[in-house]
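Going letter by letter, the first sequence gives residues 469 to 892 in the working numbering.
It cannot be assumed that every hint is accurate.
[Said to hold, decoys possible] Computed list of lysine-lysine pairs in DSS-like fashion (alpha-carbon distance at most 25 Å, straight line):
id	residue 1	residue 2
1	LYS639	LYS617
2	LYS685	LYS588
3	LYS604	LYS724
4	LYS618	LYS604
5	LYS604	LYS783
6	LYS889	LYS783
7	LYS762	LYS724
8	LYS510	LYS588
9	LYS618	LYS817
10	LYS817	LYS604
11	LYS509	LYS561
12	LYS840	LYS604
13	LYS783	LYS724
14	LYS604	LYS509
15	LYS889	LYS618
16	LYS762	LYS844
17	LYS527	LYS537
18	LYS762	LYS639
19	LYS762	LYS840
20	LYS570	LYS783
21	LYS762	LYS817
22	LYS510	LYS556
23	LYS775	LYS479
24	LYS724	LYS617
25	LYS556	LYS509
26	LYS817	LYS775
27	LYS775	LYS724
28	LYS509	LYS479
29	LYS570	LYS724
30	LYS889	LYS588
[What the hints assert, rightly or not] Pairwise CB distance ranges, derived in the manner of DEER restraints:
id	residue 1	residue 2	range
31	GLU771	GLU557	26 to 32 Å
32	VAL883	ASP713	40 to 46 Å
33	GLU582	LYS509	28 to 34 Å
34	TYR690	SER589	34 to 40 Å
Because the hints were derived from the structure by calculation, they are not lab data.
Glycine is no exception: its CB is placed at the ideal position from the N, C-alpha and C atoms.
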Amino acid sequence: MLQVANIIAEKERFVQGLKKRNIEGVEALLDEVIALDSERKKTQQELDSNLAEANSIAKQIGALMKEGKRDEAEQVKSRTAELKALNKELGEKLNQTQESLKQALYNIPNIPHESVPAGKSDEDNVEIERYGELPKLGDHAQPHWDLIKKYDIIDFELGIKITGAGFPVYKGKGARLQRALVNFFLDEASNAGYSEVQPPIVVNEASGYGTGQLPDKEGQMYHITAENMYLIPTAEVPITNLYRDVILSEDNLPVKNVGFTPCFRREAGSWGAHVRGLNRLHQFDKVEIVQVRKPEESYEALEEMCKHVAGILKKLDLPFRVLRLCGGDLGFTSVLTFDFEVYSAAQDKWLEVSSVSNFETYQANRLKLRYKDGNKKSVLLHTLNGSALALPRIMAAILENNQSEEGIHIPEALVPYTGFKVIS
RNA sequence: AGAGGCGUGGCAGAGUGGUCGAAUGCGGUGGUCUUGAAAACCAUUGUACCGCGAGGUACCGGGGGUUCGAAUCCCUCCGCCUCUGCCA
């Protein structure tokens with residue numbers, strides 16, 4: 469969440485930033501936060517000085533008791549009764565104000581980077597790079613949902629039987645290709661200096677708040693009500709939360725982690741006819757890279773992560789483009805996000821396979837993730853993450869783009885992982 | 001799931017109503033000594049909030065209560081451990 473001191477110091481920049489997200493009544497929102505914060509300070513000052521008085525009276529009484537001056541002690545007690553009632557009231561007011569302030573801050577998204585273009589939806593995202601030739605497949609090209617049936621490598625009906633729509637069963641060479649992609653992505657990240665972790669895929673409420681999925685995306689996550697836990701929508705949640713309530717020392721930095729996990733998304737309300745096959749699922753696999761950086765290094769890290777993602781796509785021979793997300797499409801917690809989309813030839817569509825973001829201190833502030841700088845001062849760190857990569861759409865693109873009469877050709881870089889060159 | 005026990009600073013571990021933000025040890029940092037290192041010795045070493053500052057306040061798992069005063073007593077929630085049961 470945002471820091472009040474920054475809101476006060478840079479209010480105009482924050483107002484302009486939030487307007488890029490097309491939020492109504494931005495100034496009133498920020499003014500409310502500022503007002504709540506000054507009320508909080510005022511209340512705390514009053515409470516603190518009352519508490520100081522009460523503490524000193526308590527000490528006096530202790531001393532008097534010891535000297536056996538019971539009567540004097542009783543006299544002083546009358547003032548403490550007064551203070552006690554007053555402080556109870558003030559304490560409640562302080563809690564309320566703090567709670568209101570927290571709620572207000574939870575509901576304000578991050579301030580977009582100055583380079584983020586204005587815009588309402590994904591149509592306003594700006595393409596900044598394109599790589600690779602778009603394959604020309606001819607009329608007989610089939611979309612992946614037909615190909616997977618033809619080669620019997622993914623079975624949606626079976627998934628429906630055992631679970632429901634959006635939970636596919638990968639079979640035979642399909643399962644093998646899936647595993648090959650996971651291992652390939654993990655190896656690529658390890659080679660790039662990321663340290664591998666295997667986090668839980670169920671998280672508690674505090675973790676949901678830490679990275680900002682709660683309260684913003686409550687309805688998007690599968691909720692285990694008996695235990696009040698959530699199935700993760702992305703490995704970002706457990707991996708970034710490894711560093712919740714942590715003060716790192718300078719030589720712990722930079723943190724670079726990679727993790728493979730299944731991801732679960734309810735996708736409530738957005739399950740439409742245009743979403744077929746592997747394009748959108750309730751459960752999918754993803755390899756995620758996460759970095760924790762010093763503030764002054766975070767944009768360098770963002771660029772490095774983008775290069776990493778681009779490098780993988782190049783090795784897989786997939787044509788892709790990179791988009792700078794506009795204000796309207798930018799995630800709640802993000803300052804700057806680049807989306808990577810691969811071209812899926814048979815659908816004639818660009819499919820999002822990666823989203824690389826810098827959150828600056830927004831998550832770190834909720835997480836209380838800091839480091840000690842040269843002057844031994846605690847400084848909030850910057851968190852970043854990116855998919856490297858999400859599996860199903862990569863699978864869809866490989867199947868569609870590489871289809872031929874002999875079958876589906878596996879990209880060369882993957883062959884050592886699959887153990888076969890063609891799915892036929 | 002049943003029975004019992006326990007949650008204190010980076011770690012270990014004292015503290016059962018006041019002088020306790022908290023003994024002691026280890027670890028960390030700085031220094032003395034040394035050609036250098038080790039050892040020894042000395043000093044220092046939590047976080048957050050309020051305040052221009054002096055300083056103040058809060059935190060001994062979370063929340064609430066009793067009391068003039070709570071790490072210490074009570075309630076409640078959470079977590080951990082041991083035994084029994086079940087089980088990859």
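**Request:** List in ascending order the numbers of the hints, as given earlier, that are violated by the structure.
**Result:** Going through the list in order, the structure violates hints 3, 8, 12, 14, 18, 20, 21, 23, 24, 29, 30, 31, 34 and respects the others.
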